[in-house]
Amino acid sequence: MNSLSNTNTLPNFPLFVRLLGFAHRFGASHDAILDLKSGSAHSHIQLLTDVLSLRLALLRTLDARAKQRLQNDDGEAFFLLLAQPSYEYVVGFLAILAIGGIIVPVSAHAPLRELKYFAIQTPPLAVIYHPSCRTAVSSLARDIAVESNARTPTIDILDQCSRQPLAPGDIHVAPFWSLHPERPGLVIYTSGTTGPPKAVLLQREILSSGTLALADHFQLTTDDVLLHCMPLHHIAGITVCFVPFLLAGARIEFTTFDVQPIWQRWKDSGVTVFGGVPTMYNRLLREYEDNIKSSPNQKTYIGGLRQLRFLMSGTSALPAPLQRKWSDLTGGKPILERYGATEFSTAILTPLRPNGDVPAGSVGKVLSGCEVKLANGNDSEILIKAPGMFTGYHNDPAGTRKSFDAQGFFKTGDIGRREGEWWFISGRASIDIIKTGGYKVSALDVERELSALPYVSEAAVVGVSDDDLGQRVAAIVILRDAGTLDLSQLRDDLRGSLSSYKLPTLLCVVEHLPRTASGKVKKVEARKEIFEGGRNRAYVVQSALSPRNSSARPQARL
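Numbering-wise, our numbering puts 343 at position 343 of the sequence shown, and it's gapless, one number per residue.
No lab work stands behind these hints: they were computed from the structure. By construction, the Cβ of each residue, glycine as well, lies at the ideal position given by its N, Cα and C atoms. There may be inaccurate statements among the hints.
Between beta-carbon pairs, the in silico distance windows are [said to hold, decoys possible]: (1) 325 - 64: 55 to 63 angstroms; (2) 306 - 419: 25 to 33 angstroms; (3) 408 - 197: 22 to 30 angstroms.
DSS-like mimics (lysine-lysine), calculated; alpha carbons at most 30 angstroms apart, straight line [claimed, not checked]: (4) 365 - 502; (5) 299 - 333; (6) 37 - 67; (7) 435 - 502; (8) 67 - 325; (9) 333 - 365; (10) 411 - 385; (11) 37 - 435; (12) 267 - 373; (13) 293 - 333; (14) 373 - 333; (15) 365 - 402; (16) 520 - 435; (17) 440 - 522; (18) 411 - 373; (19) 325 - 267; (20) 373 - 293; (21) 293 - 325; (22) 373 - 522; (23) 528 - 116; (24) 435 - 293; (25) 37 - 267; (26) 365 - 435; (27) 293 - 402; (28) 435 - 402; (29) 267 - 520.
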């Protein structure tokens, strides 16, 4: 903490060392962050100047108890960060890191009830926010004061930005002030698809060697330009689509996901990397097929797309038909897939330039620095060790103990297999492995074949309890065009690619699927709502078996 008395001194941490190096190299001539919505651009030296300004404002706001907590580095120095993906988010993120705090990024659109839950689970020393979140932050601070009889400081990031840039030579990295890499530096809340969100404590190393490995894997340079539209309160948005690019000195262009502006930005050329999730790629493809394909500017759009070095996808499995269509559009560059989780970021991903074809359905090879094994050979649980992986779930020692094996490997709860160096994911044991009539069915396998059907836009598969079979294979489908779909037709169309026991025996056609902010389908919620009548909403559920053999309760359309 003594080094904090020097307002222009940064801790000795790879991220700050690199950013200061880029500031010396480029001065104000190279944009580090560009906000496409506002059109504002910011250099590395402007970024560091604003980070130091915000850190100083934080220090002046914190009381003696909070400063002592930072001094102790006790794993409890939490700072809530409420900001949409933007330059202000980056300033807030780095300022918390530069003060030695633990970053707790929260969605700028989170309801007050959720914000209060996060504040209770990880009590903040301060709340740092984008001005668009001022009303929510004021309400949160008021409720915290009422319930805990304590004042929580709040700071508007924008008030500390756009200061006169310092000269690079006026900023220093303190040689004897290091941030311990194994201490917590980041908290990400799980998506809550299988229960209440858990506060995942991640080591600072995940923001250094963990993300440097990805920067090296992708061969990122200062010439790269990332078009960023992922949520920045989820692990992939931060450790895959943000920090590696900061470390490499690439330009990060923030925008919200909207198919037309994304295609327009590609058309304008200059973007070299794009990251998304399967839902995004599905909607971008539909925009191409519905509008761009017949446009007189079609070649210009495709020309801009093909300037990208690579596209990447994660969060959930990328359907093979979608992969093939994008490979055709990009001129033979497959979308790079990865396997990760909140607890360890990324451990398996597609090589940037694989020797030969990537096996169908594979998520890639083990990332350098990570260890991956199977609990009991193929088709068993995947176990992971990775740089910077989580140290535990905050305030849940029992849950933390259950999450590791005797050798310290994280028990992912996902089922997988390995073929040589290539890894394949069958799905989550608790959700995606359906036990029906003595067989085990991977929901992801069925989803993959459903997505290959020309009339299916998106699909999710869940197991529904059944007195006779144990579980039934239930398909939830979004059609590509308006119309109807008969379950018997669907089963006939799948017989050539799926064994009979894998064929869906329940079907519901819907317009939307419930999703998390990162695009992951909330399967538990969908199953309860559609097949178990959890919210008394009306759905048409078709069944291929006699209703007396099922505990599912199909709902009649009102």
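Against the structure, the hints:
1. 325 - 64: 55 to 63 angstroms: holds (60 angstroms)
2. 306 - 419: 25 to 33 angstroms: This hint holds: roughly 31 angstroms between Cβ atoms.
3. 408 - 197: 22 to 30 angstroms: holds (24 angstroms)
4. 365 - 502: holds (28 angstroms)
5. 299 - 333: OK: residue 299 and residue 333 at ~17 angstroms, within 30 angstroms.
6. 37 - 67: Violated, at about 37 angstroms.
7. 435 - 502: Given pair residue 435, residue 502 holds - Cα atoms ~10 angstroms apart, limit 30 angstroms.
8. 67 - 325: Outside the cut-off at roughly 54 angstroms; violated.
9. 333 - 365: At roughly 17 angstroms apart (the allowed maximum being 30 angstroms), residue 365 and residue 333 satisfy the hint.
10. 411 - 385: It holds: about 10 angstroms lies between the C-alpha atoms, which stays within 30 angstroms.
11. 37 - 435: violated (48 angstroms)
12. 267 - 373: violated (42 angstroms)
13. 293 - 333: Between residue 293 and residue 333 the Cα gap is close to 19 angstroms, so the pair holds against 30 angstroms.
14. 373 - 333: holds (29 angstroms)
15. 365 - 402: Holds, because 27 angstroms separates the two Cα atoms, which is no more than 30 angstroms.
16. 520 - 435: Judged against 30 angstroms, a Cα distance of about 22 angstroms means the pair holds.
17. 440 - 522: holds (21 angstroms)
18. 411 - 373: holds (10 angstroms)
19. 325 - 267: Status holds; Cα separation ~18 angstroms.
20. 373 - 293: violated (44 angstroms)
21. 293 - 325: holds (13 angstroms)
22. 373 - 522: holds (27 angstroms)
23. 528 - 116: holds (26 angstroms)
24. 435 - 293: violated (43 angstroms)
25. 37 - 267: holds (17 angstroms)
26. 365 - 435: Measuring from Cα to Cα gives roughly 28 angstroms; hence the hint holds.
27. 293 - 402: violated (51 angstroms)
28. 435 - 402: Within the cut-off at roughly 24 angstroms; holds.
29. 267 - 520: Distance ~28 angstroms between residue 267 and residue 520 Cα, so the pair holds.
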